[in-house]
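Colleague: If you want the building blocks of each chain, they are given just below.
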Amino acid sequence: MFKLTTTTAVATRSLLAKPFAAVAVRSYHPKVIDHYEKPRNVGSFNKNDPFVGTGLVGAPACGDVMKLQIKVDEDSGKIVDVRFKTFGCGSAIASSSYMTERVRGMTLDDAAKIKNTEVAKELCLPPVKLHCSMLAEDAIKSAIKDYKRKRATASATATASSSGAAEAAAASA
Amino acid sequence: MSLNRLVQRSHMLRSLRASSVLNTRFALSPATAALHTSARRLQAAQAATEETIDKSTLTPSPDSLGFKFNQVKDDEFTRPVYLDMQATSPLDPRVLDAMMPYMTELYGNPHSRTHSYGWETEKAVDGAREHIANLIGADSKEIIFTSGATESNNLSIKGVARFYKGKKNHIITTQTEHKCVLDSCRVLTDEGFEVTYLPVGTNGLINMKDLEAAIRPDTALVSIMAVNNEIGVIQPLEEIGKLCRSKKIFFHTDAAQAVGKIPIDVNKMNIDLLSISGHKIYGPKGVGAVYVRRRPRVRLAPLITGGGQERGLRSGTVPAPLAVGLGAACKVALDEMAYDHERISHLSERLIKGITDKVKHVHRNGDPVQSYPGCVNLSFAYVEGESLLMALKDIALSSGSACTSASLEPSYVLRALGADDDMAHSSIRFGLGRFTTEEEVEFVISRVVAHVDKLRDMSPLWEMVQEGIDISKIEWTQHA
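From first to last, the protein sequence lines stand for chains A and B.
Using UniProt numbering, you'd call the opening residue of the first sequence number 1 and step up by one each time.
Using UniProt numbering, you'd call the opening residue of the second sequence number 1 and step up by one each time.
Each hint should be verified, as a subset may be incorrect.
Residues from chain B that face chain A, not an exhaustive set, calculated with beta carbons under 8 Å [to be verified]: (1) V362; (2) Y382; (3) E384; (4) M390; (5) P410; (6) D422; (7) H425; (8) S459; (9) D470; (10) I471; (11) T477.
I should point out that these hints are in silico values taken from the structure, not numbers from a laboratory.
Because the structure is a prediction, the values reported are computed rather than measured.
Ideal Cβ placement from N, Cα and C applies to all residues, glycine included.
Start from the sequences and build out the full structure, keeping to the hints where you can.
Modeller: Below is the structure:
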């Protein structure tokens with residue numbers, strides 16, 4: 001008799017727990033909302049600055065475009081400052097905002113190793129939003145690539161003629 | 001004699017029990033009254049903007065399996081302003097009043113022939129049928145109750161096609177139809193029918209010449225919606241009906257978003273089949289109707305067979321309370337159509353003007369004249385729709401963007417208009433209705449203006465446009 005009552009109570013509780021879980025899945029995770037409402041490091045650097053790398057990934061037709069810029073200290077090879085601008089859903093904005101926080105102070109090599117899964121895990125992105133985290137990974141990689149390309153061109157020109165370095169960097173951007 | 005006495009007795013019983021029905025009604029009235037306390041709610045909404053989404057969502061109380069429920073507390077948190085009338089509309093309190101007796105005391109099966117319980121319910125269902133017929137200029141015998149517009153559309157399209165299969169095997173529809181029409185057509189394609197999907201112009205309207213050219217000797221049905229659910233455009237029903245009648249082709253229209261909102265006359269417009277939904281017109285959810293013309297007769301193969309109810313076209317007991325509710329909703333809609341239309345037009349103009357005066361690069365999707373004013377679809381260039389929806393958490397809205405789906409495909413309706421993909425991703429639908437207030441519209445304008453500006457400051461596309469870069473010329477990297 002007693003046992004029976006307990007089982008019923010448990011069954012009722014688990015039944016009732018369901019709608020609340022559904023609500024939690026449907027709405028955004030608090031971490032996403034936090035990044036979305038208070039985005040970190042929004043803005044732009046001058047893309048012609050020789051120490052700035054710019055990554056522009058995504059496409060308007062897909063509903064996501066991410067621009068991520070890094071400012072690098074040439075001596076230490078570390079990222080000293082980061083900025084982003086994103087056209088996309090809340091998860092895309094949160095992913096890029098999180099990425100800017102994550103890479104600040106990192107060396108370029110370490111930053112290039114950040115995987116999208118880390119972003120997705122941190123922000124608890126649902127499967128349909130995983131592409132947002134992939135875009136953030138693409139964005140940082142693209143920014144690093146841009147910076148490295150700029151430096152390679154700059155140093156090449158510097159050896160040829162040190163006076164033309166600034167123009168060459170500007171032209172390559 | 002005995003019959004009369006029985007009816008009398010049931011009337012007496014009803015009046016005796018009326019007080020208890022009234023009590024039930026009053027117990028519910030705080031919830032329905034909440035619809036109208038928008039001013040108070042608005043103040044609370046502004047104060048509660050910092051609240052997270054889950055807090056502003058009403059969750060059922062642990063004992064809602066019984067009859068108790070938690071009152072929405074205005075002072076603690078508030079629910080968003082509802083501007084999604086194309087998705088569903090709130091139940092009009094007058095409709096609830098009409099339904100309540102059939103939810104409680106008058107529970108007879110309308111198909112019961114042998115006792116007064118059945119007769120009184122049948123009478124109510126027939127009265128509801130009359131109200132629905134009046135709204136569209138039909139005869140009450142031509143109204144068939146269904147579970148909603150999706151079933152009505154399925155029955156009309158599959159029913160006509162399957163009945164006339166062999167003689168005729170071609171169907172014409174448009175690219176911007178509701179999914180249930182498109183999917184019914186897809187199923188028929190598998191069954192050997194041919195379907196022509198008419199394109200629409202950039203304003204969302206079909207070209208009559210395209211329709212005329214698509215008609216073939218074996219065309220069985222033309223199915224074109226009255227009011228589009230995403231962009232609100234009104235197709236030229238009268239011209240389509242005239243053309244179809246002259247070619248002796250049946251004309252079906254999905255009027256789920258049109259009935260009760262714009263005048264519809266099935267005889268003047270030569271409509272042979274018409275789908276109606278209950279919950280789009282302040283009626284109950286789970287009920288709809290289909291108008292099936294009797295002269296000249298339209299014959300259908302039923303989807304659901306059984307007891308042969310509804311002229312054998314839709315077996316199954318008619319849900320009397322829901323049918324009565326649909327009838328009451330149609331009656332209220334007919335009585336108040338002119339008033340509602342004027343009010344909603346005014347609110348709609350105010351919304352559009354309020355937003356476009358303060359925000360640049362806003363495009364209204366769909367024809368601005370040939371459309372229902374309660375459906376305003378705007379594209380905010382360089383701002384992604386879903387992120388704007390997230391910012392507008394105090395407002396319940398819908399977006400044409402489908403970032404949530406794995407395909408990343410934006411609305412097929414907006415694509416059919418030839419809208420650029422990025423504009424389709426930037427679209428938001430504002431659905432105004434009978435219970436929308438001026439204060440709510442003002443609140444929405446202020447919120448939209450503030451958040452579009454904020455999101456544009458964050459948008460790389462907006463930045464490029466400010467720098468004079470043509471973003472359509474950039475080669476974008478496509479990601480998986």
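Colleague: Does each hint hold? Answer for all of them.
Modeller: For each hint, the structure was consulted:
| no. | hint | verdict |
| --- | --- | --- |
| 1 | V362 | 16 Å, violated |
| 2 | Y382 | 6 Å, holds |
| 3 | E384 | 5 Å, holds |
| 4 | M390 | 4 Å, holds |
| 5 | P410 | 7 Å, holds |
| 6 | D422 | 3 Å, holds |
| 7 | H425 | 4 Å, holds |
| 8 | S459 | 4 Å, holds |
| 9 | D470 | 12 Å, violated |
| 10 | I471 | 7 Å, holds |
| 11 | T477 | 5 Å, holds |
The structure fails hints 1 and 9 (numbered hints given earlier, in ascending order).
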